[in-house]
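Two chains, two frames, a set of hints: combine them into the complex.
What follows is the residue order along each chain.
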Amino acid sequence: MKEALSAKPAQPANSVGLVSPKTQHFNEALTLESGSTLNGFDLVYETYGQLNADKSNAILICHALSGDHHVAGYHSDSDRKPGWWDSCVGPGKPIDTDKYFVIAPNNLGGCSGSTGPTTMNPDTGQPYGPEFPIVTVGDWVKSQAMLADVLGIERWAAVIGGSLGGMQVMQWSFDYPDRIRNAFVIAAAPKLSTQNIAFNEVARQAIMNDQDFHGGHYNEHNVVPNRGLMLARMLGHITYLSDDVLDEKFGRELRDGRIKFGYDVEFQVESYLRYQGRSFVDRFDANSYLLLTKCLDYFDPASRFGSLASAFRGATAKFYVISFSSDWRFSPARSREILRALLDADQDVTYAEIESKQGHDSFLMPIPRYHEVLRTALNRIHRKL
Amino acid sequence: MSEMQLRTDQVLIAEWIQPNARVLDLGCGDGTLLTYLHEQRQITGYGLEIDPDNITACIDRGVPVMQSDVDAGLSDFDDDSFDYVIMTQTLQAVHYPHEVLNEMLRVGREGIVTFPNMGHWRARMQVALRGRMPMTMALPYKWYNSPNIHLCSVRDFEALCEEEGIEVLECTTVDHAHRTSLGMRLLPSLLGEIAIYRFRREAGLG
Chain Z
1 MKEALSAKPA QPANSVGLVS PKTQHFNEAL TLESGSTLNG FDLVYETYGQ LNADKSNAIL
61 ICHALSGDHH VAGYHSDSDR KPGWWDSCVG PGKPIDTDKY FVIAPNNLGG CSGSTGPTTM
121 NPDTGQPYGP EFPIVTVGDW VKSQAMLADV LGIERWAAVI GGSLGGMQVM QWSFDYPDRI
181 RNAFVIAAAP KLSTQNIAFN EVARQAIMND QDFHGGHYNE HNVVPNRGLM LARMLGHITY
241 LSDDVLDEKF GRELRDGRIK FGYDVEFQVE SYLRYQGRSF VDRFDANSYL LLTKCLDYFD
301 PASRFGSLAS AFRGATAKFY VISFSSDWRF SPARSREILR ALLDADQDVT YAEIESKQGH
361 DSFLMPIPRY HEVLRTALNR IHRKL
Chain R
1 MSEMQLRTDQ VLIAEWIQPN ARVLDLGCGD GTLLTYLHEQ RQITGYGLEI DPDNITACID
61 RGVPVMQSDV DAGLSDFDDD SFDYVIMTQT LQAVHYPHEV LNEMLRVGRE GIVTFPNMGH
121 WRARMQVALR GRMPMTMALP YKWYNSPNIH LCSVRDFEAL CEEEGIEVLE CTTVDHAHRT
181 SLGMRLLPSL LGEIAIYRFR REAGLG
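Each protein sequence line maps, in turn, to chains Z and R.
Position 238 of the first sequence, counted from 1, bears residue number 238 in full-length UniProt numbering, the numbering being contiguous throughout.
Position 204 of the second sequence, counted from 1, bears residue number 204 in full-length UniProt numbering, the numbering being contiguous throughout.
A portion of the hints provided could be inaccurate.
Distance ranges between label pairs, derived from CB positions [claimed, not checked]:
id: 1; chain 1: Z; residue 1: Pro122; chain 2: R; residue 2: Ala72; range: 51 to 59 Å
id: 2; chain 1: Z; residue 1: Ala145; chain 2: R; residue 2: Ala72; range: 32 to 40 Å
id: 3; chain 1: R; residue 1: Glu39; chain 2: Z; residue 2: Asp149; range: 31 to 39 Å
Here are some chain R residues the structure puts well away from chain Z; computed CB gaps all over 10 Å [said to hold, decoys possible]:
id: 4; residue: Trp16
id: 5; residue: Ala21
id: 6; residue: Gly62
id: 7; residue: Arg106
id: 8; residue: Arg124
id: 9; residue: Arg130
id: 10; residue: Ser153
id: 11; residue: Leu169
id: 12; residue: Glu170
Simulated from the structure, these hints should not be mistaken for lab results.
Given the structure is predicted, the values throughout are model-derived calculations rather than measurements.
Where a beta carbon is used, it is the ideal one built from N, C-alpha and C, also for glycine.
With the rest of the complex left out, here is chain R (with noise of 0.2 Å):
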């Protein structure tokens, strides 16, 4: 598999792992980005899934796939039995992000999430100017049909890992196809469209 079957989150992700990791990922998909990180990084990985089309593709793929709900918890793992819990797109769409965070760095030692940011201009002026919930590429629904019941911008995520003793250590922004630009690297609040973010729990707090 080459990198050009893989999201741009997904590459920049994909940079962040470091080789023979046992990763799980949250909401696999179809096994794309797991399949890319056993080939390139020889790690050993796990998807979590909803989907039953997407588990046979995993299933297709060989990469070994559980059927369960992120927001059921991940109470069938053990504490600190990964090296990186990735979640990309689905922080927005869980009830409790704060304790799906938290469940991430318990099972593991750094976590990966990507979410769209509500930060974005195009969003801003959306709710600014026309006073309606913002629709973008990013976030194409209507609010009453969204599937992303909890929302957040690039400084509202920074805001809650700093409430929940949750270090930063990495943060990118891409478009909506993914891509990068100068702008986003210089204000990613603002021209980011997906923010994408490495995290640990911070030293002392166990």
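With the rest of the complex left out, here is chain Z (with noise of 0.2 Å):
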């Protein structure tokens, strides 16, 4: 695997092109579901395509834990990579740009230009640090709906996302039935397992006991908790990952093409983690992977509603489940708990399980059978708008 690619590539013909993230101000309260209040908070985001007259072909797409509005397109002409879902939103692809207006916000809490840790705290002056409350995927949706508000879109045609996006398409449909038509529920998981929150809590332990953490006060102190950071990262990557795939790209091979009796990076896969640990820490901030991890550990309707299957009982979406083999983080069991409660729920729900070598992340790539899946439903969905 190369580190990194030098040459830019030319912006293919079915890319939403060059794009800028907006940004949208809001002056009230939010109460959170944790009892904080934010006193107003900034949400940026994207759009892609047009909204038509009836304001009924837009799509909200709903980002992961490390993900953000960036969702496709460039930013500048020197963009060595597109956002995070470029091969699957633009013109002609399985979100059809052509077809939909595309909204992606960046979440509260994280750290690319939503209101969250790194920003400034209006009563302090200054940035929130640890001190940003924890926010939830209620709350992500709560802040959303009144993005929708404003943007004048009182229902989705459909809203989208993987793994904790995924969890938001969910929570949409318990909060706002009456505000999505279509739900597209990837990758995904009614809660985290034990095992899930357990790979959460040494992440998180990384990050708190690096000497630079310094109690979520790095900023103070003029240092960021890079290894800490770095080393969560490398863990998660790995569970995003398929055994399989890992020693497809890697195998054993050696970097150096022999081993060297000691503890600098002799196999290929060490130096594939560390590549994306350090760039990781280059554009995500310690506070808001905290924050983030926890947001999936409190995740759990059936706790709220008494059962899964009750907190999707007056949920008027369509709903497309989908999973993939590999997966081992949100297993295609994990999606079929989620498909089981739909059923006792009396709900419209179509199932697919792709095969994938990919692990987790095959709901970034562009599988083919997916891609077909998600096309074939978006376009029978713009036929009945």
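See below:
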């Protein structure tokens, strides 16, 4: 695996091209599930395509743990890579921007522009840092609904999300059942397993035990807990891939062709993981990462509604549940729990299990069968708008 | 969708379905039958299917479809969650037909199956006269490459129903082109190539 590509790829014809994020400021206070209040906040978002006259063709894309609002296209001609789901969003792509108006916000508590630990707390004039309140999937959806209000979108043609994004899609169907016509719950789970929470805890410990963490006040010390965040990402990254795909990519290949009986990088997979960790710390904030893992841990609609089926009972959307055979982080069995609850709740649901090798990350990959399912469903939805 | 697009066995099945019923179609193919039942009988239906192209076809028609293997069981479904569970031309290809029949009657009030009748006179002749496994228009495979691993005759099926405490409510047969005739109605076990059964759990066996 090459660590970086030096040549800039030409923007392909089916790209949304150059895009600029927008910022929506909300003056009103947002009361969070934790009981804390945000006195005003910003949501940064991108849009692609055109909203039709009756505002019926809007799609919301909810991002996963380390995603953001930059889903498709390029921010400048010098960008080496497009947005995180460029393979799926664009003219003629499965989420077709010739047909749909696509909105992708950065979630609260993130670190890509929306209000979060790295932004200024208006009450103190300092960045929130570790004082930023922990937000939940419910809080995110509430803030996304406020954005929809501003944009005049009463009902989404579809809300689409993978992983933690899929949890937001489900939350939309619980909290705003009349505002979502189609729900795409991809590579998700109805709640984290004990093992999932355990992985998150190791990631948090890695960050909090970094001597540069300073209880989250690292900014005031002009340092960054890079080593901890890097470890957290390396651990996370292993769980996003499958055993097979790691083996296929790297096997036991040695960087210098021979064993050196030392502890420096020897196997290619070590080099790859370190690269993944290092490039992550350049773009992500440690407090944000901690908060997002908590947001995942807390998601548990069954405990709030009594059962997952009761949570879905008021939904009016048509559901599409999609899982990937090699995903062990949120395995197909977890998607089947969602499917079962939807059936118990008499909901209209379609379930597809996509054959894949790439593990949890499959939901980001242009797997032909996966894209065909999305394209077919979204084409039908568009015909029926 | 008109009746013209349905196979005769599907048309016959459709006649047995009460309006507004909840229907599960095991091996629902491209969703033709469920679409027809939805339009003509206002049923709520779900399909089970494993073939990716068929699943795509169902999505395109708006038929709720779940990617699942019938042999893996119907464990996603609660007891008595459907009025009818339908399985056309699949019974002979599953690993444990008797378990599938019982599962159908666990999740559904009534079951409907179609299968190729091994008691058809052509099949009987091939075994009796040539000493070879039958190959007919309804059973076009050789013994070694056939997906049909549990073939049975109309009489075999009825014997199994009796053993399992399953009550046959209705039965009819058609030929390989899914046509019906007077002969088939008079001598279904000998002249029917494809058998169609509607059945339920015998009263008292719960």
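Verification of the supplied hints:
1. Z/Pro122 x R/Ala72: 51 to 59 Å: holds (56 Å)
2. Z/Ala145 x R/Ala72: 32 to 40 Å: Holds, at about 39 Å.
3. R/Glu39 x Z/Asp149: 31 to 39 Å: holds (37 Å)
4. Trp16: It holds; tryptophan 16 of chain R is separated from chain Z by about 23 Å at its closest Cβ, greater than 10 Å.
5. Ala21: holds (13 Å)
6. Gly62: violated (6 Å)
7. Arg106: holds (14 Å)
8. Arg124: holds (42 Å)
9. Arg130: holds (42 Å)
10. Ser153: Non-interface label stands for serine 153 of chain R: nearest chain Z Cβ at 35 Å, farther than 10 Å.
11. Leu169: holds (26 Å)
12. Glu170: holds (28 Å)
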